[in-house]
Amino acid sequence: MALIQLHTILGRAFMLFAGLMALLGGFTLLRRREPGGDFWGAVVIGEGLIAAQVLVGLVLLLRGGWPARPLHFVYGALCLLMWPAVFAFTQGETGRREMLFWTLASAALAALAWRAIATGGL
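Okay, so the sequence shown: first residue is -19 according to my numbering, each after it adds one.
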């Protein structure tokens, strides 16, 4: 499999994953529960997925690849940093207010990933 294909597959997988995380967060909010190990484990998996995506993108860049629009880099960086920023902002708290932040951030991540795909050129 070519690196560009892997980059594309990882990007689409992350977009879907972030959307599912937004749904899981919304479901957790509706149930009036605090997020459990399933949610936090999924955050770690998602962050690993986007980290792999960024690493493949950096390898492509070092090999001379370039996205259709440079804005692709901004979207990629925002995707990588969003969940760690939410964790820092909420200071690891798990109340309803914090869960709302996680849910909204996950929905925003799905949209950012979609925009990253759109500006990547494939």
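No lab work stands behind these hints: they were computed from the structure.
It is possible that part of the hints are untrue.
[Unchecked claim] Beta-carbon label-pair distances, calculated as ranges: (1) Gln71 with Ile25: 28 to 34 Å; (2) Phe69 with Phe7: 18 to 24 Å; (3) Ala98 with Arg76: 30 to 36 Å.
All C-beta atoms in this analysis are idealised placements derived from N, C-alpha and C, irrespective of residue type, glycine included.
Here is how each hint holds up against the structure:
1. Gln71 with Ile25: 28 to 34 Å: Check failed, 22 Å falls outside 28 to 34 Å.
2. Phe69 with Phe7: 18 to 24 Å: Because 22 Å falls inside the window, the suggested range holds.
3. Ala98 with Arg76: 30 to 36 Å: holds, 33 Å
Violated hints amount to a single one, hint 1; each of the other numbered hints is respected by the structure.
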